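Single-letter residue listing:
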Amino acid sequence: MPKNEIAASAFTAKRINISKGWYKFSRNPLSVLGLTVLIIIVLAAVLAPYITPYPEHAGPYTNFRESSLPPSLKHFFGTDTVGRDVFSRVIFGYRFSLLLAAVVITLSVPPGILLGLVAGYTRRKWLEVGIMRITDIFLAVPPLVLALAVTAMLSPKLLNQMMAISLMWWPWYCRLVYSVTSSLRHEYFVHDAELTGVGRGFILTRAILPNCVGPILTKITLDMGFVIILGASLSFIGLGVQPPKPGLGTMVADGAKRLPAEWWMAVFPALAIMLVILSFNLIGDGLRDMFAVEEI
Amino acid sequence: MTVMNEDILRVKGLVKHFFTRLGTVRAVDNVSFAIRRGETFGLVGESGSGKTTVAHTLVGIYKPTGGEAYFRDQSLGEDFSHRSKALKKNIRIVFQDPGSSLNPRWSIKQILELPLRIHRTSYGKNHVEAVSELLRMVELPPEEYLYKYPQAIGGGEKQMVAIARALATEPDFVALDEPTSALDVSIQAKIIKLLTRLQKKLDLTYLFITHDLSLMRNMANRVAIMYLGKIAEVAPTREFFQKPLHPYTNMLLSSIPVTSDEEEKLKPKQIRSTGEIPSPVNIPPGCSFHLRCPRCMDICSRLDPVMTEKEAGHWVRCHLYPAAGQ
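Chains as they are written, first to last, in the numbering used here: chain A, 604 to 899; chain B, 71 to 396.
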C-alpha cells in the first residue's frame, strides 16, 4: 500500500475518533446544555473583573445608601446589607469555588490513580492490602468532619481548605482505579503484554490506565460538584473564603439571616451553587456515554 | 539443519496447583509430554481438565508448582517476570477469547506494534510497513484495518489480529488455546486454514488445544487427552481415532455427533457417556476416571495407574493395559 494512503487513513481515523466521541456526547442534549452553561460560568469567572457591573464590590466596599435593595435592572440579584451588588459578588464567588474544585482535583486525583494502579496490579498481597486498608481508613472519616478539623486546626483560609479537602478526596480515586485495575489484571490482553515482555510501568500506564480514563473523567466531573458543595459548606460555617472576599457559601450563610424578607441575598448565591453543580453532573452523564466501549 | 524428530518442548511431571479458599485446585497434576519441531501437538479434554492451564504455564502466565519443562535447553520453571527476552520471543500464545485478548483502547496498529518494538528492533521506526505486512500475512487488508479498534471488527478478524500479534516476534512455538471455540463455524474453517498455511510457511510448532475432536482430527499430528489434570492417553492422530485404548478416549470419541452411517462406522463401538467431570478440588482416589469408567475394576479405586507405552508412540495410563513388569 502506498505510504500516503496509510498516512491519509491515519488522519481520517483520528478525525473519526474525535467526531465519534463528540457524537456520543452530544446525543444527550442535556449534557450539551451542561457543557454550555459551564463554559459560560468559567468564562464569566475568569473575566469577572471586566464583565461584572461592579467589580469593586467583590472587596471591602460599603455603600449604605444602596443597602438591601431588591433585584432590579441596576442590580440583577439585588444588593446585600452593606450595599454591594450580589450579582457581581456571585460571579467573583465562582472564581473561588472553581479554583477550589480545580486545585482539589489536581492534588487528589494523581496520587489516587497511582496508588490504585499499584494496589490493583501488584502480586504482593501485603502491598495491595496495605494500600487498600489505608484507603478504607480515610474513607471511614466523613470528609466534612476531617476538613473541618484540619481547617480549624490551621487558620481558616482558602489554601488550608483546599489541602484539607484534597487529603480527603484521593481515596475515592484510589478505590475506583483499584477496582478497574484488579479486574483488568487477569484479562488476556494484559497477560499478552506481560508475555511480550514490556515493563510494569508500560502495562500500568499504557495498557490499563486508558481503560480507566472514562470512569475517572466521569467521576471528576461529578466530584467537581461535590467539592464545590463541600467548600461552600465549609465557608458557610466560616472556615473557607474569608470576608470581605465573596465565597458562595459565606454569602448564603450571611443572606440566610435575612430570610425570608430579603430573600435575594441567600437565594441567588444558592442558585449559583446549584447551577454549577448541575452542569457538572450533566456533563458527567455525557462523558459516561462517550467512554462506554460499544460492541458493533 | 536440525534433526526431524528434535523435541522442541519437553514437559516432565508438570504440576500446577492453585491454592484457593475452597481447597487446592489440582489443575495440572503430573503431566509429561514432548512436542517435536514442526508438528501440531493436540491437547483435548472436557472443560476443567486442565488443558488451558498447561498452555498458560508453558507460556509463562503461571510459575509451575512442580515438575520440569524445557524449551530446547531453556527451563520454563519460572513465570514471565523471570524469563529471558529470547524465550518470550520464541514462545507465543493465541488466547481462547479474542474479545478479551485485544486491548479495547488500542488500535490494531498499536496492538501489532508492541511486539515489533520489543523484539524486532531492526525495523527501526518504520513500524507502519511492518504492521501492514503482518496484517497481509493474516489476510486482512492493512488500509482497512490498521487504524480500527477491536470493538469495530468481528470475532474472526479479532482472532486473525491475535494470530498476527503472536507471530509478530517470529516465534518457533505457538500455543493455540481453543483459537476457534468462540467463533462461527464458517470462520473456524478460515482460521484453521490460515493456521495450517502459516505453520508450513514459517516452520512453526503448535500446541493446539480444543475440545472439538473432529477439528483435532484434521489439525493435529499427535493427540494427548487430558482428564482432571492428568494425561490419559497420547497417540499419533490416526491411531488415536482408529484404535483408542483408554476407556475415556472411547467415551469421548463415541460421543462425537455424526450424520451418516459411514461416519458412524468410523467411531469406536458405542459407549454411553455418563456423568460429568468432577471438581478438580476434590479428585477421586485411585484412577480419577474410575467413577465414570464403564470398565472399572477393583484396583481402579485404590491405585492410580501409570503411563505405559503399548505400541511405539502410543501411551496409555489405565489398569486395563498394565506395564510389562506388573
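Keep in mind that the hints were calculated from the coordinates and are not lab data.
All of these numbers come straight from a predicted model, not from anything done at the bench.
Quick reminder that beta carbons are idealized off the backbone N, C-alpha and C, glycines included.
Hints are not guaranteed to be accurate.
[To be verified] Straight line, CA to CA, 25 angstroms or less: simulated SDA-like cross-link-like pairs of lysine to any residue:
#, chain 1, residue 1, chain 2, residue 2
1, B, K133, A, L650
2, A, K623, B, K218
3, A, K627, B, W176
4, A, K677, A, V635
5, A, K728, B, I131
6, B, K155, A, L650
7, B, K218, A, F628
8, B, K133, A, F628
9, A, K627, B, Q180
10, A, K623, B, P174
11, B, K159, A, F805
12, B, K179, A, A895
13, B, K179, A, Y626
[To be verified] FRET-style restraints, in silico, Cβ to Cβ:
#, chain 1, residue 1, chain 2, residue 2, range
14, A, P714, B, A259, 47 to 55 angstroms
15, A, V744, B, K133, 36 to 44 angstroms
16, B, F88, A, V744, 50 to 58 angstroms
17, A, G841, B, K133, 54 to 62 angstroms
Next on the checklist: Taking the earlier hints as the rules, which of them does this structure contradict?
Outcome noted: 1, 4, 6, 8, 16
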